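Participant: Let the sequences and hints guide you as you build the complete structure.
Protein sequence lines correspond, in order, to chains A and B. With our numbering as the guide, the letters of the first sequence map in order to residues 227 to 438. With our numbering as the guide, the letters of the second sequence map in order to residues 227 to 438.
Each hint can be trusted.
Some chain B residues flagged as far from chain A (calculated, every beta-carbon gap over 12 Å): (1) E253; (2) L302; (3) L306; (4) K322; (5) S323; (6) L332; (7) R336; (8) D370.
DSS-like mimics (lysine-lysine), calculated; alpha carbons at most 27 Å apart, straight line: (9) K386/B - K307/B; (10) K386/B - K322/A; (11) K300/B - K322/B; (12) K307/A - K386/A; (13) K322/B - K386/B; (14) K386/B - K386/A; (15) K259/A - K259/B; (16) K259/A - K300/A; (17) K386/A - K322/A; (18) K322/B - K386/A; (19) K322/B - K307/B; (20) K259/B - K300/B.
What the hints contain is simulated information worked out from the structure, not anything from laboratory work. The structure displayed is predicted, hence computed values, not measured ones. Think of the CB as a built atom: it goes at the ideal place given N, C-alpha and C, for glycine as much as any other residue.
There are 2 protein chains.
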Amino acid sequence: MRIQKKHRRKDNKTIDTRQALFDAVLELMNRDKSFEAISLREVTREVGINPSAFYRHFPDMNTLGLELVSLSFKTLRQLLKDVRANPVQGSDVIRKSVETFVTYVLAHSRHYHFVIRARLGGVATIRAAIDSELRLLVSELSTDLARQLNTDTWSTDELKMLAELMIGSMTRIVEQLLIDNRYDQNIVELIDLGEKQLRLILLGAAQWRTHS
Amino acid sequence: MRIQKKHRRKDNKTIDTRQALFDAVLELMNRDKSFEAISLREVTREVGINPSAFYRHFPDMNTLGLELVSLSFKTLRQLLKDVRANPVQGSDVIRKSVETFVTYVLAHSRHYHFVIRARLGGVATIRAAIDSELRLLVSELSTDLARQLNTDTWSTDELKMLAELMIGSMTRIVEQLLIDNRYDQNIVELIDLGEKQLRLILLGAAQWRTHS
DNA sequence: ATAATAAGTGTACAGCTGTTGACATGTCGA
DNA sequence: TCGACATGTCAACAGCTGTACACTTATTAT
Chain A
227 MRIQKKHRRK
237 DNKTIDTRQA
247 LFDAVLELMN
257 RDKSFEAISL
267 REVTREVGIN
277 PSAFYRHFPD
287 MNTLGLELVS
297 LSFKTLRQLL
307 KDVRANPVQG
317 SDVIRKSVET
327 FVTYVLAHSR
337 HYHFVIRARL
347 GGVATIRAAI
357 DSELRLLVSE
367 LSTDLARQLN
377 TDTWSTDELK
387 MLAELMIGSM
397 TRIVEQLLID
407 NRYDQNIVEL
417 IDLGEKQLRL
427 ILLGAAQWRT
437 HS
Chain B
227 MRIQKKHRRK
237 DNKTIDTRQA
247 LFDAVLELMN
257 RDKSFEAISL
267 REVTREVGIN
277 PSAFYRHFPD
287 MNTLGLELVS
297 LSFKTLRQLL
307 KDVRANPVQG
317 SDVIRKSVET
327 FVTYVLAHSR
337 HYHFVIRARL
347 GGVATIRAAI
357 DSELRLLVSE
367 LSTDLARQLN
377 TDTWSTDELK
387 MLAELMIGSM
397 TRIVEQLLID
407 NRYDQNIVEL
417 IDLGEKQLRL
427 ILLGAAQWRT
437 HS
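Facilitator: Pasting the structure below:
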């Protein structure tokens, strides 16, 4: 029995092509194509390889898309891990959180651009993958919030409701940030918007049921 | 000079075909195709006419999509007009508002399904059209809110921020309601979610700057 | 050095696409 | 009645698509 080993050239050409395929898809989406509308041949054309060579790396576009989803969320998960390990300090926690978040999103803009666009528009399997990743985020934030809020007045469902509201708000910010070059409306304005929305939500959360 | 008149058969066949083209697109999107991925030929096939006949009604798919946008928002505008003319009465205003909203959306589900999906995923021109309609909604809601809130503590930007938060929340509800047959998770739950989110937002709004 | 394997090329195929032009048919006003 | 016009059919086109198969070339382990 033969031992299966990873094949790679001395210049890592193999891995580069695979990466180039990812990049090509992201680039084409950046040029205003939805994932569904990108053809296999377009991608290989962009990379500069023969259409047949695509199959050496992925069985079809769909699985490429799915890998792109988990790849994109891996970087987001990294951000959240960093933040949790090294919590935001200082007086204005909310503002700084939004700022680091926006900075991070812009640094990986093409990944998040892909996610935002494919979340609703694309193929069912990809949509489902993104959805389950987002659900994970919501439940993670829920447990984070559970530690900070009074668990007597907050049920599990209500924590989820709050988490969804916060993530929903941030999602809208990302949408406005990345779609249609609309970041010409100053980034600072969007950070301001996100900050105020979060602040208002947390203000509401602080009053939740204590007023009744 | 000849007077141009609308041509219609006694059975209104003309208008029916046009309507049938709209319906075909909505139907195909309901079968999980993004608008961009629907071909002209598919639509005519669905209707049962020759591909060439399409051009008798629209110059291309894009303008059909644009008309579909304004058509969809026309019904939504009607809802809002109704609500404003006949405001929700009784003890639980928020709950009833969310209920009527959800009912209305479900009654025109295919239109809103189209809007939700095309808002981010589709062609640039259609995206822009939907976006400007949504901006209009936000500004309308802003002026509505201005009448109900203390304009001393609420600036125009802040009113817009609040309106965007509320509409964003409702948009998420619609997304969950219409995408992926996910309304099997009971509709009542979604109404509950929407109600609580709105309640929390308004709770935060009530405290906005009065606490400082 | 050689055999195995990974990666890429070239060619070919049937199927679908948008769009055109010439033609047929039904509807209605004059 | 008849001509104008709206609507629809039919056949054809060039172009793009995904995928298959046989092939060449590079890389690596033994």
